[in-house]
Amino acid sequence: MKLDKLTIKQSNQGLKKKDFSSVELTEAVLSRIKKRNQEINAYLTISEESALSQAKRVDNKIKNKEEISILEGIPLAVKDAILVDGIKCTSASKILENYIAPYDATVIKRLRKVGAIFIGKTNLDEFTMGASGENSAFGLTKNPYDLERVPGGSSSGSAAAVADDQAIYALGSDTGGSIRQPSSFCGIVGLKTTYGRVSRYGLIAHASSLDQIGPMTKTVEDARIVFDIIKGKDVKDSTSMDSQNDESQIKIEGLKIGIPKEYFVKGIDPDVEKIVKKAINKYEKMGANIVEVSLPHTEYAVPCYYIIVSAEASANLARYDGIRYGLSEKGENLLEGYLKTKQKGFGDEVTRRIMMGTYVLSAGYYDAYYLKAQKVRTLIKQDFDDVFKKVDVLMGPVSPTPAFKIGEKMDDPVSMYLTDIYTVSVNLAGIPAISIPAGEIGNLPVGLQIMGKQFDDERILQVAKFYEEMSS
Amino acid sequence: MITKKEIEDMSKLSRLGLSEKEKEKFSKELSAILEFVNKLDEVKIDKIKPTAQVTGLENVSRKDSGRKKTKKETDKLLALVPDSENRHVKVRAIL
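Note that the protein sequences, when read in sequence, are chains D and Y.
By the numbering used here, the letter at position 41 of the first sequence is numbered 41, and the numbering carries on one by one without gaps.
By the numbering used here, the letter at position 92 of the second sequence is numbered 92, and the numbering carries on one by one without gaps.
None of the hints are false.
Computed, partial: chain D to chain Y, Cβ under 10 Å:
{"hint": "1", "residue": "210"}
{"hint": "2", "residue": "238"}
{"hint": "3", "residue": "297"}
{"hint": "4", "residue": "299"}
{"hint": "5", "residue": "302"}
{"hint": "6", "residue": "307"}
{"hint": "7", "residue": "328"}
{"hint": "8", "residue": "338"}
{"hint": "9", "residue": "348"}
{"hint": "10", "residue": "355"}
{"hint": "11", "residue": "358"}
{"hint": "12", "residue": "362"}
{"hint": "13", "residue": "378"}
{"hint": "14", "residue": "413"}
The set of hints was computed from the structure by calculation and includes no laboratory data.
Even glycine gets a Cβ: it sits at the ideal position worked out from N, Cα and C.
Please model the complete structure; the sequences and the hints are all you need to start from.
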């Protein structure tokens with residue numbers, strides 16, 4: 001048995017039946033990392049020693065016939081923008097190259113409590129800003145399916161690690177598609193939850209009104225398992241919420257699936273369209289009703305998103321001043337110290353967004369850009385509110401293309417931004433969405449995106465699971 | 001179009017040091033991005049309210065009280081400080 005290939009569910013069953021130990025499982029994953037990381041560069045930090053000692057503790061529990069929880073003794077990878085106490089957290093930026101997290105993020109605390117094994121921290125686009133994984137200060141990550149292509153981003157390392165069996169599952173974060181797009185490019189399952197269902201405490205902030213942490217897994221069932229552990233209100237994140245959502249089992253017969261017509265226009269790769277439509281067709285054959293719907297403001301989502309995201313990022317990243325933590329360059333005076341620290345510490349995309357954000361928030365431009373974008377955000381949310389009066393879920397592509405070639409979009413920020421065209425609306429509207437593997441073009445995976453209304457996270461997971469069952 | 005002068009203003013406001021070459025590069029790139037986001041001018045927004053908090057939360061409050069950190073916690077924070085003296089963060093003179 002190849003232990004590194006197992007899902008959470010299979011790992012848990014094997015541990016319970018004593019087919020293998022947690023140390024054996026952890027060692028299998030570690031040896032896969034050692035074999036592959038040099039090439040793929042999914043991990044920035046590997047915490048072998050602490051992972052193995054955590055695993056030993058779980059094995060002792062099993063030996064003593066103590067009950068173990070569903071995630072206990074199973075190794076996961078954590079995006080290096082999420083704080084794990086005592087382990088380096090760089091956000092793939094030179095400005096945090098030597099930053100040791102002084103506390104656990106709430107999601108980490110919750111996973112630690114149920115005995116999860118933290119095996120390492122994964123690569124990303126610096127400060128989660130990017131759609132390819134190429135913006136890391138510590139080298140890009142490669143797509144395990146094709147080493148000449150990107151794994152997507154910004155949760156590049158988490159997606160590549162799960163796809164390449166270098167982790168049983170992973171955590172990512174999604175501000176405009178950063179879980180779903182790399183999941184689509186790497187053929188795994190990625191869930192972006194309703195804004196507020198998972199605490200952001202301990203996630204290095206990018207755009208606080210959009211950021212969400214979520215699971216990246218091999219199956220939909222696994223995504224549900226992780227979500228159930230990390231979700232729920234946290235006093236340390238005032239925007240987090242418990243929800244009173246309907247948990248009843250839904251049926252595929254009569255399920256109303258909306259297909260946004262704006263998601264199948266010029267610009268989409270015809271093979272991606274074919275795969276996504278074929279997947280939707282499977283639901284129809286099982287008795288679902290397919291309805292064409294319209295989200296009329298879709299074409300404004302990306303420009304709206306980039307104004308809001310830059311504005312929030314410029315405020316959030318002001319904290320890297322070289323005084324309390326992080327890179328600190330000396331200058332003749334205070335100001336010169338700031339200037340040098342930020343110049344040396346931030347990469348190009350981060351600099352672009354800080355400048356852009358400063359511009360749209362500055363006196364004289366605030367109303368014309370930031371306030372206008374917030375109003376367009378209202379219209380984008382209303383589009384979804386209207387559509388969800390008619391349908392249960394929406395389905396469409398995650399990205400207009402499969403994984404693109406390394407370097408292809410690096411010199412053109414706008415074309416990189418446009419790869420987010422089907423993902424950013426979801427964050428602007430605060431709704432949940434999941435990417436699940438739907439097929440391949442050659443050997444390149446393509447994801448299907450399922451979107452639900454706010455707080456319908458459990459429902460989209462159920463709908464996604466139907467697909468897995470139909471396909472197996 | 002974003003001019004070099006505007007780039008210089010922005011870099012001052014955001015405390016970002018830029019070389020001459022970077023100023024030119026970013027003025028070109030930011031102009032392209034600005035042109036792209038100007039697409040929003042097509043949207044009618046006269047009577048629309050802005051959205052900042054998307055799930056509708058308002059005025060989430062808590063007791064205005066702090067929590068004393070343990071020595072272990074402050075040690076960890078102080079270990080991250082680039083320049084410190086006697087458990088104080090050292091800062092350059094502001095005035």
